[in-house]
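Going down the list, the protein sequences come from chains A and B.
According to our numbering, the first sequence is numbered sequentially starting from 1.
According to our numbering, the second sequence is numbered sequentially starting from 1.
Accuracy of the hints is not assured; some may be wrong.
Cut-off 16 Å, straight-line C-alpha distance, at most; resulting in silico cross-link-like pairs (EDC-like, lysine to aspartate or glutamate) [to be verified]:
id, chain 1, residue 1, chain 2, residue 2
1, A, K181, B, E90
2, A, K550, B, D141
3, A, K181, A, E464
A short list of chain B residues far from chain A (calculated; beta carbon distances all over 10 Å) [stated by the list, open to error]:
id, residue
4, V8
5, G65
6, G91
7, E102
8, Q178
9, A232
10, V243
Bear in mind the hints are in silico, worked out from the structure with no lab data behind them.
Just so you know, even glycine gets a beta-carbon here, dropped at the ideal spot from N, CA and C.
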Amino acid sequence: MSTPATAAEGTAAESLTSVFVRLKVSLLRNGLRQSAGRRAAYVASMVVALLFAALQFLGLIALRGNAHAAAVGVLLVAVLALGWAVMPLFFPSGDETLDPTRLVMLPLRPAPLIRALLAASLVGIGPLFTLCLAAGAVIAVARGAAALAVGFLAIAFTLLVCVALARAVAAANVRLLTSRKGRDLAVLSGLVVAIGAQFVNFGVQRLGSSGGLAPLEPFADVLRWIPPAAAVDAVDSVSDGAYATALAQLALTAAALAALLYSWQRNLTRLMTSPDGSTLGAAGPTSDGVRGSTGLARLLPFLRADARGGTPSRTATVMERSLRYIWRDPKTKAAWITSLAIGLIVPLFNALQGTGSVYFACFAAGMLGIQMYNQFGQDTSAFWMVAMTISSTRDAYLELCGRALALLVVTLPYATLVTVLTTALLGDWRALPEVLGLSFALLGAMLATGAWSSARFPYSIPQEGYKNVAPGQAGLAWISIFGGMVAAALLCAPVLALTIWLHVAGADAWTWLLLPLGTAYGAGITALGLRLAAPRTAGRLPEILAAVSKG
Amino acid sequence: MVDEAAGVPAVRVQGLWKRFGEQIAVAGIDLELPSGRFIGLVGPNGAGKTTTLSMVTGLLRPDHGTVEVAGRDVWRDPAQVKARIGVLPEGLRLFERLSGRELLSYTGRLRGLPGAEVDKRAAQLLDVLDLAGAQHKLVVDYSTGMRKKIGLAAALLHNPEVLFLDEPFEGVDPVSAQTIRGVLERYTASGATVVFSSHVMELVESLCDWVAVMAAGRIRAHGTLEDVRGEAASLQEAFLELVGAGARTAGSDLDWLGGGAR
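One chain only, chain B, in its complex shape:
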């Protein structure tokens, strides 16, 4: 399916705006995300990453602008788009009073997959994500890492072309993080696209081959990891430069600090 869509970007965003009362959360974004890549959307807290991802996935209505996923308009052709994307939002609940297994069974059937196929895929996902032992436990009793993993399983169940993950590693222990990473790397290796947001630069640098930097509701830079990093030693430094925090070195104002009492 990726070959067929070759040349079509995974996501194309034009003139995207969102305002909450006085505050402008997203101030006119134009962006094309190539397909088949591991894409990182980075930015400080409050940059508008979650708002952007919500609008791209159809969970939030933009004030202006258009969003296309795999060449289809999210708002005009929801049936085509929703079948092709998987989403793991941040800050929204799951149906927590279902067990992990019931949640996958429910999600897969809502997606219209055959029952037997749902059960087969759910069993494999639970196994790979190391949740098989807790599959009959209610999701409300899961730890943060387990919740992210069951959310990821629910997002992958219908084998989407593009996967959107909002802060998938936030609050996740190193073991679970490694499991999630393994699954995502295998998934992109097959030609699918992953778009995930994070404010941890080291993580983005080690995982992604394409990044978009966001700050104050705008895209500051985008392109391959090498392009965005440019001359800087690390993505962290390039990022600080881009968002205008690099020049502010904590130095001259606190010259009395340290070096013995005076």
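One chain only, chain A, in its complex shape:
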């Protein structure tokens, strides 16, 4: 591909390339024509992307002459390349020309096809954004004519490596992306972005507090040898007169580009000459077995108490299924990971920055308690299987107990861990029992209100896409979650009041009492909440089923 083609091949490839470029432009244009909303969204995202690109471009130019300009440029390009690599995994339907199955019936040779597809992928907002960023990074470090000339090469390399990287990753994972597992993965993607943003936010704050760009240098020292960042750093090397280094960096980038194109072409050829993932998935009956069942049973031996011949308790059965769903159902998993991550990040990062309070540790219990809300909505319309086996208030009570216990198996150790870690970071060990007591009281209140509002305000969770509420039920979801949280806070008031009173009265020596008191209060209020929710659940089975079946 990088070798020059003969004249005849050249014209053929050129025409194929122009066909694909025009195809891409048409696809973009027709996509905009479909609806006003989509056009508005596209234009808005384009404006935002271009503004962002322009700001970065200007910012990088402003950095010109700064000692750390090269490090910033290298880091930005590396992060951008990472974005290109993971994007096709999370948004597989983003680009129709990425789907090789659409080209299968056409008589095309691999080499010209790759050239044409590569050229077509250079059309779009993403490549334009990349171009702006790479140009900014080059201008920030280029000094002298030679450096500028290498700069043009570096920009071209960066663009090509990014685009080829996205294509190669997509082609290598087509089988995954067209399967059920790929769709499950897509549900988790928003989460990775959200949690990643927390880390970026934290990193930027650290950088801000250290008052300079120097902490970036160690990262840049590694990244300047990884393409495509290596190409950008080659410009800096030429500016410094280190021609050998620059040559090595450029050669490395060229080799990486060639390797990416080779792997892309190989995968593409294989994909276009063999059956696709959906066919294979249906053909193999036992290809995707479940391994976790025995492990889980071993982890929680009491769940299998019935294996010795006794009648199993409903609570254990429900608990087992709930725990399996935390891991296996993408929507439930996404919700749990969000709660776990935010419950850890908020108190810990605040403690690390020295702005935190040990009471922030209650955040973990609060975030995880949210999982008790809309329990039956998490079942989707499969709730009918539960409804068919609930014929008394007692059945409903055991069902709710199983769900609450499954939650506690994860939540109790986790909330304790977060509290201990936060306390350790702040060194405020005297407050540990008190904060633990508050956490457990809050958790109990959340479980109680969660169980009650699960029965009273159920709503559907759509299984496809990113939405967590079915259209028309947003009001219900608000009542369920926010009403429940306010109620939970009010329910905690006695424990809070006691805490404040002990501190105000100067009885700090007695705050350890809050651990047993808070725990007992949490346990008591949970039991009460489940008791109150059970008759509501048993009496409203058809209504709950109707409410959770809209997704």
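Using the hints, position chain B against chain A.
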């Protein structure tokens, strides 16, 4: 258990009504389904079959009317009724993130059966329904036919007296359909009752000995297959007559169609 309940109809429905907004889905049904029979509930799409079955099985609350299964009121005595019926609804999910085997194990234990018994029955059902090879695969990865079969297994696990199946053969391949048929025939031969809905007349005619015809939310005819068929050549013709579609022959309006261009 069937002998003990002899004379008591499997299902007795009186004055059943259900309205969704402006639309009346079920407009006053009175019906007695005899026990020990293979019963077909037939009707065109939108006739109210699914709504009726949902109300009979306790999954949907009726606006008016009473439903008794094996002599017990569905809404006043749910414990007795739910233990005696098995259900395979249409359009509702299963717990799809469990494997086939886990789903049966879960359902059986929720029903309060002893663990060892659940495992024994599940293994046999999986075997008979030809699902043994896919028992460790998640239900979400099952084909339509496999889903119907695992749903049927879950409905049969507690050995119900009356089995309600909503469109059990919809989208099912011929091999799976034959397997399901075999299991159901064996089950009714032992004296249990099967009530299933369908809009495929040939299927109902070949399987059922008792049918109820539904259209526009009402029962148009019910009785043994022979009674309902009457003089007509097939159930299909009798059905078209009953729902008032028989007279509308596609003829006179399209007299220009065919016979060369004019």
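So, going through the hints one by one against the coordinates:
no.	hint	in the structure
1	A:K181 with B:E90	25 Å, violated
2	A:K550 with B:D141	22 Å, violated
3	A:K181 with A:E464	13 Å, holds
4	V8	20 Å, holds
5	G65	14 Å, holds
6	G91	8 Å, violated
7	E102	6 Å, violated
8	Q178	19 Å, holds
9	A232	37 Å, holds
10	V243	28 Å, holds
Consistency with the previously given hints fails for numbers 1, 2, 6 and 7, ordered from lowest to highest.
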